[in-house]
Amino acid sequence: MSAKVGIPKSLLYFYYYPAWRKFFEELEVEIVESQTTNKSIVDQGVKLAVDEACFPVKVCYGHLMELREKVDYIFLPRVVSVTKKEYLCPKLMGLPDMIKNNIADLPPLITPTINHNQSWPAQLKANLEIGYYFTDSKLEILKAHWQAAQALKKHRQQLLKSNLANNEVNIAVLGHSYLLYDDYMSLGIIEKLEELGVEVVTPENLSESQIEQGASKLTKDLFWTFNKKIIGAAYYLFNRAEIDGIIQLAAFGCGPDALIGELIERQAKRRSDVHFMTLNLDEHTGEAGLETRIEAFVDMIKWEAKRA
Amino acid sequence: MKVTFPHMGNLNISVKSFFKNLGLDVLEPPPITKRTLDLGVKYAPEFACLPLKINIGNYIEALEAGADTIIMGGGIGPCRFGYYAEVQKEILNDLNYDYQMLVLEPFQSGWKHFLKQLKFLFKHTSWWKLRSAWRVAWRKCQLIDEATKYVNQMRAYAVQPKRVTEIYDDCLEELAANDDIEELESSLKQMKNKILDLELDRDREPLRVGIVGEIYVVLESFTNLNVEKKLGELGVIVDRSIYLSDWISEHIFNTAQSQAEHKRLEKLAEPYLEHFVGGHGLESIGRVVDYAEQGYDGAVQLAPFTCMPEIVAQSILPELSKDYGLPVLSLILDEHTGEAGVITRLEAFVDLLSRKRNEEKGEQVV
Numbered sequence: 001m002s003a004k005v006g007i008p009k010s011l012l013y014f015y016y017y018p019a020w021r022k023f024f025e026e027l028e029v030e031i032v033e034s035q036t037t038n039k040s041i042v043d044q045g046v047k048l049a050v051d052e053a054c055f056p057v058k059v060c061y062g063h064l065m066e067l068r069e070k071v072d073y074i075f076l077p078r079v080v081s082v083t084k085k086e087y088l089c090p091k092l093m094g095l096p097d098m099i100k101n102n103i104a105d106l107p108p109l110i111t112p113t114i115n116h117n118q119s120w121p122a123q124l125k126a127n128l129e130i131g132y133y134f135t136d137s138k139l140e141i142l143k144a145h146w147q148a149a150q151a152l153k154k155h156r157q158q159l160l161k162s163n164l165a166n167n168e169v170n171i172a173v174l175g176h177s178y179l180l181y182d183d184y185m186s187l188g189i190i191e192k193l194e195e196l197g198v199e200v201v202t203p204e205n206l207s208e209s210q211i212e213q214g215a216s217k218l219t220k221d222l223f224w225t226f227n228k229k230i231i232g233a234a235y236y237l238f239n240r241a242e243i244d245g246i247i248q249l250a251a252f253g254c255g256p257d258a259l260i261g262e263l264i265e266r267q268a269k270r271r272s273d274v275h276f277m278t279l280n281l282d283e284h285t286g287e288a289g290l291e292t293r294i295e296a297f298v299d300m301i302k303w304e305a306k307r308a
Numbered sequence: 001m002k003v004t005f006p007h008m009g010n011l012n013i014s015v016k017s018f019f020k021n022l023g024l025d026v027l028e029p030p031p032i033t034k035r036t037l038d039l040g041v042k043y044a045p046e047f048a049c050l051p052l053k054i055n056i057g058n059y060i061e062a063l064e065a066g067a068d069t070i071i072m073g074g075g076i077g078p079c080r081f082g083y084y085a086e087v088q089k090e091i092l093n094d095l096n097y098d099y100q101m102l103v104l105e106p107f108q109s110g111w112k113h114f115l116k117q118l119k120f121l122f123k124h125t126s127w128w129k130l131r132s133a134w135r136v137a138w139r140k141c142q143l144i145d146e147a148t149k150y151v152n153q154m155r156a157y158a159v160q161p162k163r164v165t166e167i168y169d170d171c172l173e174e175l176a177a178n179d180d181i182e183e184l185e186s187s188l189k190q191m192k193n194k195i196l197d198l199e200l201d202r203d204r205e206p207l208r209v210g211i212v213g214e215i216y217v218v219l220e221s222f223t224n225l226n227v228e229k230k231l232g233e234l235g236v237i238v239d240r241s242i243y244l245s246d247w248i249s250e251h252i253f254n255t256a257q258s259q260a261e262h263k264r265l266e267k268l269a270e271p272y273l274e275h276f277v278g279g280h281g282l283e284s285i286g287r288v289v290d291y292a293e294q295g296y297d298g299a300v301q302l303a304p305f306t307c308m309p310e311i312v313a314q315s316i317l318p319e320l321s322k323d324y325g326l327p328v329l330s331l332i333l334d335e336h337t338g339e340a341g342v343i344t345r346l347e348a349f350v351d352l353l354s355r356k357r358n359e360e361k362g363e364q365v366v
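Protein chains in written order, with the working numbering: chain H, 1 to 308; chain Y, 1 to 366.
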């Protein structure tokens, strides 16, 4: 009999799913992923979470509800930091506690604390803890962990896009992965742009050194890892001639986005060579309105290219 | 060089005295008004938290009045405060103000930055001045907090609580005007004596309410619409969980006592929140548990809209409240918060608490 572990398809899933899948597969644990975000998931999440929470966290509540009765465990790590001297946002650090106190009748949650500001034995312990639910063999767990890290590395390698010069229009879409790659929340913006003949570049498509190059322009090191990636990408892409426009996606109520988005927007406004637009997404965002704005944005870029 | 700094509650009294005694030319920003807030709301990002917006208003009003150097705090996350200064600089730059901003970064953010701060400071002052300026400012800070604690208790007993507030305000003025430590201490004694001379009703058994939340809105009465005073005037003993002097003891001196206190709070919070979440999120949970165990009648959580650590706390508080039977009121504050609405909610809250107490005593509820 193998235990069923549920993984909510939200938030950190979009950054780490190749590793998570691999890890549990290696330990021969059955994984049940929640459905792709849909209306009923959003509605349930919005109902359960406090009004003030950001849109992605509310949606995560919905995914937990969707999984609740289907699995033996739910994997919901408490990720404090994935890079030394940096953090994720406070809500992600407190997410397991918020969920536990707000949703009744949950199966046991697997919530290891991942904190790269700790010493490595502490980190190792956290990783072993996840495995102990399913096997006693340290070796097995470490092996699975290594495999998972490799899978993630390979996945990230595959996402890199290097040659953009031959495309007609390149538009960068910047934002948290859990927003960009969740088709329901982002209203399929990437697909819509591609239908308009646009090549889309996201922070995931850039290499670490490119991101670092952009982020080095900051006046002070940014302590939020994901937003550093976003602003690093923005500052890097501002100076790339092959990028025709930048669209920033921000989640309603996202704390870091409010500040970092502002910095990106102010930089963009000071330059005459960048087409820039910010879209705020929440449960009320309408698809038709979004489509109109994207089409206008792309038309403007194409029109300008023709005139040149 | 004219130095200015952002407001936060009565912080200005200590900071002004500190900078002045260091030999700096200080220009305190005008008191926070509707205009300050409007300026902040106009220029700051829409979803930034309230303190950032009011800071912007403070800077603009101080720069208009002739200041040219802003001294601001920094941080290393994960709370947004640590990146305030970077965003604020960009906003002021786009508004074309001529100024410089010195950001006091904590030690952990790196040597280079820390040395830069020291260099700036000692270009304008000496070690000796630093020592004596700090002594006065620190004492002022402690005395203000002591005065506030006393007044938050006594309003509930005074037949005319408004008089208590008047005496308190006079005392704050004296504390701001004076630099002699003995005279400062006698100001506090006099304040206590004047309050004791008022008509007091010692037979009352006032309700007791604890205040927790995000430090800026807890300390800054403009943003919390004077919630301590309002509760006091409704006959409630108020215990505020955050004081500036405690914060300094914990974050700047890191005393053994404050470390132990923090450990205690972590323990209290643990059944509900197992990890720090930046800001005062964990402390809010720990303190509410503490209030419940001490037999308080209720707790009020204050937070700016979109404050990340307090959203975590706010999500958890209803469960905690249920477990302990302690009513908790979460007030989320921003530029749209109306005074009348807050008064109504506070009155309803206090009514609920007194009904609850009467029911528990088995007295008849009218």
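Worth flagging that the hints you see were computed from the coordinates, not collected in a lab. Yeah, the Cβ is synthetic: ideal placement off N, Cα and C, and Gly gets one too. Careful: at least some of the hints might be erroneous.
Just so you have them, the derived chain H footprint on chain Y, three or more residues with Cβ under 8 Å [what the hints assert, rightly or not]:
| id | region |
| --- | --- |
| 1 | 70-82 |
| 2 | 85-93 |
| 3 | 272-282 |
Distance condition first, Cα-Cα at most 25 Å in a straight line; then the derived BS3-like pairs of lysine-lysine [what the hints assert, rightly or not]:
| id | chain 1 | residue 1 | chain 2 | residue 2 |
| --- | --- | --- | --- | --- |
| 4 | Y | K322 | H | K100 |
| 5 | H | K84 | Y | K34 |
| 6 | Y | K119 | Y | K149 |
| 7 | H | K100 | Y | K123 |
| 8 | H | K306 | H | K192 |
| 9 | H | K220 | Y | K116 |
| 10 | H | K47 | Y | K322 |
| 11 | Y | K112 | H | K217 |
| 12 | H | K306 | H | K269 |
| 13 | H | K4 | H | K161 |
| 14 | H | K84 | Y | K116 |
| 15 | Y | K42 | H | K269 |
| 16 | H | K269 | Y | K89 |
| 17 | Y | K267 | H | K100 |
| 18 | Y | K149 | Y | K229 |
| 19 | H | K125 | H | K100 |
| 20 | H | K125 | Y | K267 |
| 21 | Y | K189 | Y | K229 |
| 22 | H | K85 | Y | K116 |
| 23 | Y | K112 | H | K220 |
| 24 | H | K220 | Y | K119 |
| 25 | Y | K89 | H | K85 |
| 26 | H | K217 | Y | K116 |
| 27 | Y | K16 | H | K85 |
| 28 | H | K217 | Y | K322 |
| 29 | H | K125 | Y | K263 |
| 30 | Y | K112 | H | K85 |
| 31 | Y | K34 | H | K220 |
| 32 | H | K85 | H | K70 |
| 33 | Y | K42 | Y | K89 |
| 34 | H | K84 | H | K70 |
| 35 | Y | K267 | Y | K16 |
| 36 | Y | K129 | Y | K2 |
| 37 | H | K161 | H | K47 |
| 38 | H | K220 | Y | K267 |
message: Name the hints, by number, that the structure is in violation of.
response: Those not satisfied are hints 5, 6, 7, 13, 27, 28, 31, 32, 34, 35, 37, 38.
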